[in-house]
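Each protein sequence line maps, in turn, to chains A and B. Under the UniProt record's numbering, the first residue of the first sequence is numbered 1, with each subsequent residue one higher. Under the UniProt record's numbering, the first residue of the second sequence is numbered 1, with each subsequent residue one higher.
Treat the hints with care, since some could be wrong.
As the list claims (entries may be wrong) - To give an idea of the interface, some chain A residues facing chain B are shown, with a C-beta separation under 8 Å as derived from the structure:
#, residue
1, D72
2, F149
3, T273
4, P313
Hints in this document: simulated from the structure, not taken from any laboratory. For each residue, glycine too, the CB sits at the ideal point set by N, CA and C.
Number of protein chains: 2
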Amino acid sequence: MKKHVTSSVALGLVVTSFMVSANEPIETIKPVKEINLAQVELGKKLYFDPRLSKSGFISCNSCHNLSMGGTDNLKTSIGHNWQQGPINAPTVLNSSLNLAQFWDGRAADLKAQAGGPIANPGEMASSHTLAIDVIQSIPQYVREFKQVFGHDKVSIDEVTQAIAEFEKTLVTPNSPFDQWLMGDKDAITEYELSGYALFKNSGCVACHNGEAVGGNSFQKMGVVEAYQAKGNAEGLSAVTGKDADRFKFKVPTLRNVELTYPYFHDGEAESLTEAVDLMGRLQLGRKFSEDETARIVAFLKTLTGDQPNFQLPQLPPSTDATPKPQPFDS
Amino acid sequence: MKKHVTSSVALGLVVTSFMVSANEPIETIKPVKEINLAQVELGKKLYFDPRLSKSGFISCNSCHNLSMGGTDNLKTSIGHNWQQGPINAPTVLNSSLNLAQFWDGRAADLKAQAGGPIANPGEMASSHTLAIDVIQSIPQYVREFKQVFGHDKVSIDEVTQAIAEFEKTLVTPNSPFDQWLMGDKDAITEYELSGYALFKNSGCVACHNGEAVGGNSFQKMGVVEAYQAKGNAEGLSAVTGKDADRFKFKVPTLRNVELTYPYFHDGEAESLTEAVDLMGRLQLGRKFSEDETARIVAFLKTLTGDQPNFQLPQLPPSTDATPKPQPFDS
Ligand code: HEC
Ligand code: HEC
Ligand code: HEC
Ligand code: HEC
Ligand SMILES: [Ca+2]
Ligand SMILES: [Ca+2]
Numbered sequence: 001m002k003k004h005v006t007s008s009v010a011l012g013l014v015v016t017s018f019m020v021s022a023n024e025p026i027e028t029i030k031p032v033k034e035i036n037l038a039q040v041e042l043g044k045k046l047y048f049d050p051r052l053s054k055s056g057f058i059s060c061n062s063c064h065n066l067s068m069g070g071t072d073n074l075k076t077s078i079g080h081n082w083q084q085g086p087i088n089a090p091t092v093l094n095s096s097l098n099l100a101q102f103w104d105g106r107a108a109d110l111k112a113q114a115g116g117p118i119a120n121p122g123e124m125a126s127s128h129t130l131a132i133d134v135i136q137s138i139p140q141y142v143r144e145f146k147q148v149f150g151h152d153k154v155s156i157d158e159v160t161q162a163i164a165e166f167e168k169t170l171v172t173p174n175s176p177f178d179q180w181l182m183g184d185k186d187a188i189t190e191y192e193l194s195g196y197a198l199f200k201n202s203g204c205v206a207c208h209n210g211e212a213v214g215g216n217s218f219q220k221m222g223v224v225e226a227y228q229a230k231g232n233a234e235g236l237s238a239v240t241g242k243d244a245d246r247f248k249f250k251v252p253t254l255r256n257v258e259l260t261y262p263y264f265h266d267g268e269a270e271s272l273t274e275a276v277d278l279m280g281r282l283q284l285g286r287k288f289s290e291d292e293t294a295r296i297v298a299f300l301k302t303l304t305g306d307q308p309n310f311q312l313p314q315l316p317p318s319t320d321a322t323p324k325p326q327p328f329d330s
Numbered sequence: 001m002k003k004h005v006t007s008s009v010a011l012g013l014v015v016t017s018f019m020v021s022a023n024e025p026i027e028t029i030k031p032v033k034e035i036n037l038a039q040v041e042l043g044k045k046l047y048f049d050p051r052l053s054k055s056g057f058i059s060c061n062s063c064h065n066l067s068m069g070g071t072d073n074l075k076t077s078i079g080h081n082w083q084q085g086p087i088n089a090p091t092v093l094n095s096s097l098n099l100a101q102f103w104d105g106r107a108a109d110l111k112a113q114a115g116g117p118i119a120n121p122g123e124m125a126s127s128h129t130l131a132i133d134v135i136q137s138i139p140q141y142v143r144e145f146k147q148v149f150g151h152d153k154v155s156i157d158e159v160t161q162a163i164a165e166f167e168k169t170l171v172t173p174n175s176p177f178d179q180w181l182m183g184d185k186d187a188i189t190e191y192e193l194s195g196y197a198l199f200k201n202s203g204c205v206a207c208h209n210g211e212a213v214g215g216n217s218f219q220k221m222g223v224v225e226a227y228q229a230k231g232n233a234e235g236l237s238a239v240t241g242k243d244a245d246r247f248k249f250k251v252p253t254l255r256n257v258e259l260t261y262p263y264f265h266d267g268e269a270e271s272l273t274e275a276v277d278l279m280g281r282l283q284l285g286r287k288f289s290e291d292e293t294a295r296i297v298a299f300l301k302t303l304t305g306d307q308p309n310f311q312l313p314q315l316p317p318s319t320d321a322t323p324k325p326q327p328f329d330s
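Construct the entire structure; sequences and hints are all you get.
As structure tokens, then:
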């Protein structure tokens, strides 16, 4: 059976690479277009700047570390004053492809999202006013905002716009699987391909499909069998108020899933093996053999694409007028 | 008087640029040599890797942020579990030029230093055994250690060696002042030059001299007048046991001092203006006018050199065998 699937997929390749791609439920990641490069450079600095937090210690990159797949690789995050967060931090990689932001979709897009963590007392614990005061006390920032936005006013609107524009560049094309989709049949092994066949034929692609292999719908966690979650995230119903939306979460992207452990909204699945096994049982009522699970895991690892590739940004120094960080409440 | 000094310095330039440099108490930063590039690349990853900490959240770069002058810009650092550190984190930039490491010099060199924070319960709160277990569970690291060191054994010795080799690359040449030293008389302004003259003629160069403009001796903090320090760091005497060494600290480098606020071992001086004013009074018994202090500060800002300039490193992912981070004591 596995052999059969593999070779029928391989047959597809004979036609043309475009055909293969067009027939598959997963699409290659398209290059980003219409990007404002000046905003990106500014947004990159802000993304790495811990002065947007009350303590002066926590930046976006603390929890969405771009050296580690855009996550913190913790079950739940560490916020201001070492507070334990309520939910697993999703990757920012390819987050521009999501239909909405956050597990429950409560932010419409990246710009709407970016203001949240700055003022969240459990995350960066600053306020928009304070963050703007900090930025406005730093002439190099003020100059750059002026160059980028063409006016003197720095408000949270420009800050979130620049961060969102930077995040749009965080797509990860050229994964082995994408190369395979584009017609390079040697880009992944027969073994990995057999995992893809299982992924496709078992029904995983019903929810994990498209460019991001997820990110484009909200689905119940625990369709066939209930999931015993840790924490008390209720999912989409928190946004819609509808009882039918209880425990529906945004289907996470499986792009770079090799890097974004631990898994699920509560971070309780430590390994991909565990996550795949659970998905099979809870979402599809299917118990994979160890061998099948291993093949699917091998396939999922072919979804790791080009990671962010830029110079470590250099932040403009504070001045005597810059509000001081307040790391310790005294 | 200021005019006079300025023009005599300018006269020096007429001879040859080498002559000028040779006559000055401050030397240009020499390019690094005899660097093992493979060790550097490995050390860079380790430097950015929060998995060397118990929580999985704190890396060397958390406290010595290479986007911010190699410091955290906090009075005292935030360590594991948000513990408040006892002393200000010095920059790692140009730290290879120091006669010894730490404010009290208790580590002979960068290699001897690098093991400290990993196992320090107030900083990264891991242990050498745990850190090595983490590394050894990650095949990409194991392979890289083998390539770099030529043998299979990964021990704390190779870890600290690689980190130290990376740190040796963190020198900051080409500051405006170094360009001036090399003969480009337009590299700094007359005003900045007058600050240098004051710095030289008032006696600051007695302690702040050489390649790092400091870092090459231990000196009493509060020579003429006592310093009312916060915290209870006792300085060199903690290492030598000699009473005469009480309150002697390693003279900090003034390279990139514009970026390494706040100042002094307790981080109590928030601005360069404050630090220069205090240095004048406590070390030299001299009260600078506001104008003089401003000129010295302007000079000190010409010591900001080329900042670290490399791609954000990508860390190899953990595996199922990797010991899990323990951010929260439960
Ligand atoms: C203290 C940790 C922490 C910090 C700091 C932090 N985040 Fe997050 N981030 C999270 C967590 C946790 C979530 C998930 C919250 C939820 O879904 O309810 C999240 C969600 C997101 C998402 C949504 C991704 C998705 O697929 O839904 C984006 C985008 C994002 N953060 C970007 C940022 C940016 C930009 C910053 C800085 C301005 C930032 N984050 C700061 C922890 C953090
Ligand atoms: C009915 C929709 C649905 C189906 C079918 C489905 N998933 Fe999921 N998947 C989800 C949702 C929703 C989540 C997030 C659940 C949560 O975090 O609570 C998820 C999470 C995951 C994760 C964890 C990703 C992360 O970053 O946390 C993996 C891996 C995964 N799915 C793989 C699979 C595989 C393999 C299959 C097929 C065996 C599958 N999924 C089938 C909806 C689905
Ligand atoms: C929690 C904060 C923190 C972390 C994490 C940390 N450091 Fe430090 N570092 C400090 C502090 C504070 C000092 C000064 C301690 C002293 O002098 O007693 C210091 C001193 C140093 C020095 C001496 C510099 C000098 O001029 O004397 C070097 C070099 C250094 N650290 C490198 C590292 C490396 C490498 C790592 C990671 C393996 C690291 N640090 C992790 C806070 C930290
Ligand atoms: C007798 C030796 C000595 C003299 C003279 C001296 N310094 Fe210092 N300087 C030190 C020491 C020691 C420290 C560190 C003290 C501490 O942190 O407690 C220091 C610290 C500094 C700092 C803070 C650096 C940092 O990163 O924290 C600045 C700025 C500075 N000196 C500038 C000056 C200037 C300007 C003069 C002349 C007016 C001067 N110094 C004269 C020994 C000296
Ligand atoms: Ca995750
Ligand atoms: Ca400092």
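Hints, one by one, checked against the model:
{"no.": "1", "hint": "D72", "result": "holds, 7 Å"}
{"no.": "2", "hint": "F149", "result": "violated, 22 Å"}
{"no.": "3", "hint": "T273", "result": "holds, 7 Å"}
{"no.": "4", "hint": "P313", "result": "holds, 6 Å"}
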